[in-house]
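Colleague: Protein chains in written order, with UniProt numbering: chain A, 1 to 282; chain B, 1 to 291.
Think of the hints as simulated: they come from the structure by calculation, not from any bench.
Where hints are given, some of them may not hold.
Said to hold, decoys possible - Straight-line Cα separation of at most 30 Å, DSSO-like style, residue types lysine-lysine; simulated pairs:
#1 B:Lys244 x A:Lys246
#2 A:Lys246 x B:Lys275
#3 B:Lys102 x B:Lys67
#4 B:Lys200 x A:Lys118
#5 B:Lys256 x A:Lys233
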Amino acid sequence: MRRVKISVLSGKGGTGKTTVSVNLAKTFNNSLYVDCDVEEPNGYLFLNPQIEDEKTVEVIIPEINSDKCTLCGECVKACRFGALTKLIKKILVFDHLCHSCGACFEMCPYDAIVEKYKPIGTIRKGKAQSVDFIDGKLNYGEATGVPILKEINKLIENVDKPVIVDSPPGTSCPVIHSIEGSDLCILVTEPTPYGLHDFDLAVQLVKQMGIPMAAVINKAGEGDNIIEEYCEKEGIKVLAKIPFKKEFAEAYSKGKLLIEVNEEVKGIFEKLTIDALELIKK
Amino acid sequence: MKQLAILSGKGGTGKTTVATTLSTIIKNKIMADCDVEAPNLNIVLQGEIIEKQDFYGKETAVIDKDKCIECGLCERLCRFDAISNFEVNPYYCEGCGLCMYKCPVEAIKLVEEKTGHVVYAKTKSGEKVVYAELFPGADGSGKLVTEVRKKAKEVSDDNDEYLIIDGTPGIGCPVLASATGADLVLIVTEPTLSGFADMKRVLSAIESFKVPSVVCVNKWDLNKEVSQQIEKYCEENNIVVVGKIDFDETVVKALKNLQSLSSYPDSTAYQQIYKMWLRIKEILDEGVESK
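Produce the complete structure using the sequences and hints provided.
Modeller: Okay, here's the thing in structure tokens:
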């Protein structure tokens, strides 16, 4: 099958993004699961992949060559992130504030700044039986995982199978980098007022980016209609409803796939893969 | 004013449930919702907005078409792939200014971009709540967290003994901004493999802050085995487990009906959070040694 990119996102954390992503990837069978929640990658706990390759992601940070530096302060002036400070005898670099934009290198009149590589995280590649696996992990204290996401995006560019992207929570920059270029965004939400609030934020983001979207309602119960009413109004198709059961929460807690513990859920995911592809074709 | 930051690593473990319940238990306090991407605290507390400030989170490059000679230098220099065909993609632009510095005809300038609001609200019973709204797709959430905390300090008075900070999920910049300078961090975790893994990650992330941490295991009876592992881990690392909260359907009911758990004072979960607060209060008032 050709590459289709389906991104799973949620606005709010804990709604079931990872649950939907891993079960969807597994249902697709010959697919690629990509965990872009680099702050808290959890997909591996459910898929148990054999890791075949692990590489470090690096960013460029400045290092001052004190032999050439005249302490003119041009670099400090150029840096808009406060990552450089001029002391009496030297220029001090604060790594964790640096955005690796290169302004200091470019603006230094004396060629006194050299580029140094600094690791910020890792990307792992592997296989979980029929599912190919990629995840990214950000090191503690690093400001942004975006460089990792950019690397991951390069890796999945020419894949000839369905790619399921497990996005980070929230609606900010890392989410944009995760879902960019998707054929479909599946928004996972839960039928509570919180769920609706954060779902609405995610809908706005996906709309801004012009990506087709559909919803999956997780932890659904009897008589919870707030998400469906919203979806109807917004013209968003609800692709599946996963019921709220303590037994599912227990399966999740043990790192088990729902499709493997419950026939009903297995059916729900089989239908979900077909409906998702149908939506993409349109 | 003592500051308690509630974190979790993973989303959906019950941070906001704990925060809203604490808000009804603790009298003299201010609440600050630092989950700026998904602020949920005030949805339950239903405070009325007193003040809403614009937040300018970042600068973005703008190209003046009339001046631009289409030399393409800016596109070549930009390390964020934010410029193509002499247009700036505002999502990708980090506002570093390199394109502006280097443009030979001064066709580029940086403009401040409004990326959200800082909101100060008061509930019917006079409780103060500060939260933020970050626009979807905007960046700079760490800075916004700092603004929320600043505002909370600004609106506090001598009667406010505690600042309760509902933090952000994850381990990144906004989390660190939520925890900096707090007197105590309460980590709400759940007994799932992912909950446990994320708890360890957030503990490592804040380790260098020298802020003491305590842990609360929410829905602990969902998986007693993992709960035990969490408790063992905490014991080995000298972290006090201040509370264990049952998997209680009342919590779901309260969430769905937009109520605080204190509307169900007889519920197991409420009782457990109440007892947990007594322990936290003791720790906050006594002060604890950080690791």
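Colleague: Determine for every hint whether it applies to the structure shown.
Modeller: Hints versus structure:
no.	hint	result
1	B:Lys244 x A:Lys246	holds (18 Å)
2	A:Lys246 x B:Lys275	holds (25 Å)
3	B:Lys102 x B:Lys67	holds (14 Å)
4	B:Lys200 x A:Lys118	holds (24 Å)
5	B:Lys256 x A:Lys233	holds (20 Å)
This entry satisfies every hint, going by the numbered hints stated previously.
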